[in-house]
Amino acid sequence: MKGLILKDFLLIKGNARHILLFLVAFGLIALQGNDFLYFVPAFISMMMFMTTFSYDEYNKWDAYAVTLSLEKKDVVLSKYVGSILLLIVALLGTFLIAFLVGMVNQNFDFEKTLFLLLGCGGSILFIQAILYPLFIKFGVEKGRIGLFVGIFLGSFFIGFVLQNVSLSIPESVVVFLKQYLPWLLGIGLWIVLILSYEIAKRIYLKKEF
Amino acid sequence: MKNILEVKNLQKSYSDFVLGPISTHFPGGVIIGLIGENGAGKTTFIKSLLGIIQSEGSIQIFGRDMNEEAREIKEDIGVVLDNSFFPEVMTANDIHKIMKNLYKNWDPGLFFSYLDKFSLPRNKAIKTLSKGMRKKLEIATSLAHHPKFLILDEPTSGLDPIVRKEVLDLFLDFIQDEEHTILLSTHITSDLEHIADYILFLDKGHIVLEETRDDIMDNYGILKCGIEEFSSIKKEDVIRFLKNKYGYEILVKNSQVLKKKYPKMILDKITLEELMVLLVKGCVL
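So the protein lines, in turn, are chains A and B. With numbering that gives the first Met the number 0, the residue at position 50 of the first sequence is 49, and numbering never jumps. With numbering that gives the first Met the number 0, the residue at position 93 of the second sequence is 92, and numbering never jumps.
The hints are simulated quantities; they were obtained by calculation from the structure and are not laboratory data. Where hints are given, some of them may not hold.
Claimed, not checked - With a straight-line Cα cutoff of 20 Å, these simulated EDC-like cross-link-like pairs (lysine to aspartate or glutamate) come out:
1. A:71 x B:55
2. B:268 x B:210
3. A:1 x B:74
Input sequences plus hints: build the corresponding full structure.
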């Protein structure tokens, strides 16, 4: 599987110069102190990793990959591991920039930065967990369309529920959530990721190239 | 001799095409030429063998079941597919870095020696290479982990005669080791006349001929005659025939016997291409 992860990183490496340029620009803008910017590198890491699916599809890589000395499921697992590794790099890079900016502006807040980055990372992982089975099932283009349709329908459904159903949450639940929400979100995300991988793996094992 | 490839009741069904059921086996140390017209099922057969598509039936390679030991078997197989390879922004160096992490027996020295032999650049993206160079890179990649069995889908299609000769010579080098075997699909049947030991001929998803090349070349022939002579030929001697403006071309077997039986007729040696055309397009008497 190491070879497969390396393949995706070598594909991404082609854009290294642009990324470096972007990070410099990002660091300069971050000096202004806009917290929203901390989301950007993680988002870019997601977009960059998505390009590996496009390259694979365009070059019919999967047909060749399954003839190599590997298990079919490794091809799927490598996508998850690779994108998580890239996300970690992006988050560490962002943390470093945030630290440097904080030092320059003398207002570095470790706890706030950490929570911001974990939130960003979690959100990206959640989106990837939804996207990857769609990419494997329908291909990159249709998968993206599927995601947009999903977001639209999901937002519509949530909006409808919030407008038409009166929710009364007991005080004890609110207290519980305030205390344990990050942990619950972490565990929930982990479950979603595992489910996503299992679904993607099953689709891939049945897929023909 | 131990079979290197054994296929039993291999079948793959699509809405408009069915491959098989195919049952066949081949010994090691040979070149198997897989021929047939476009859409005959050559690529489907190869994809089934390699697990690229799912099919029914049993496939054993090196005496081991592909359904159970695919990864171990694939360690000793080199593959060139018609239209899929590494992403074309990658270079030969990138391929080396990836493959050395996938194959236990990846041999960098051998890989780079093939690159040098074929004058292939190490740091140029695949997309910048000509079709011939790209194909040579695919072949070099398939050989650099010391495979025992090469499975090649149209490895010479689109190549000019000089590159084709280079590639075929490479296959002949490979087969010098008695343990090595090649399964090679191609439209260019003349290539196989020089190198193949066995011919597996598919038509409409079924095997229509499966013999050694020598048996085909020695036994089959084309009997050429006019309309009047044609009516004197016995039905059992005619495998297929085609009528053209000069007369008849008749595919026959046991050509030495028939030469004596029909001494006034011309009996030519057959090429694989003629055999293919007559078997696919010819009429049954």
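Hint-by-hint comparison with the structure:
Proximity of residue 71 of chain A to residue 55 of chain B is assessed by CA-CA distance (about 18 Å); at most 20 Å being required, the pair is judged to hold. Among the hinted pairs, residue 268 of chain B with residue 210 of chain B is consistent with the structure: their alpha-carbon atoms are about 16 Å apart, no more than 20 Å. With a C-alpha separation of about 16 Å, the suggested pair residue 1 of chain A and residue 74 of chain B falls inside the 20 Å cut-off, and the hint holds.
In this structure, every one of the numbered hints holds.
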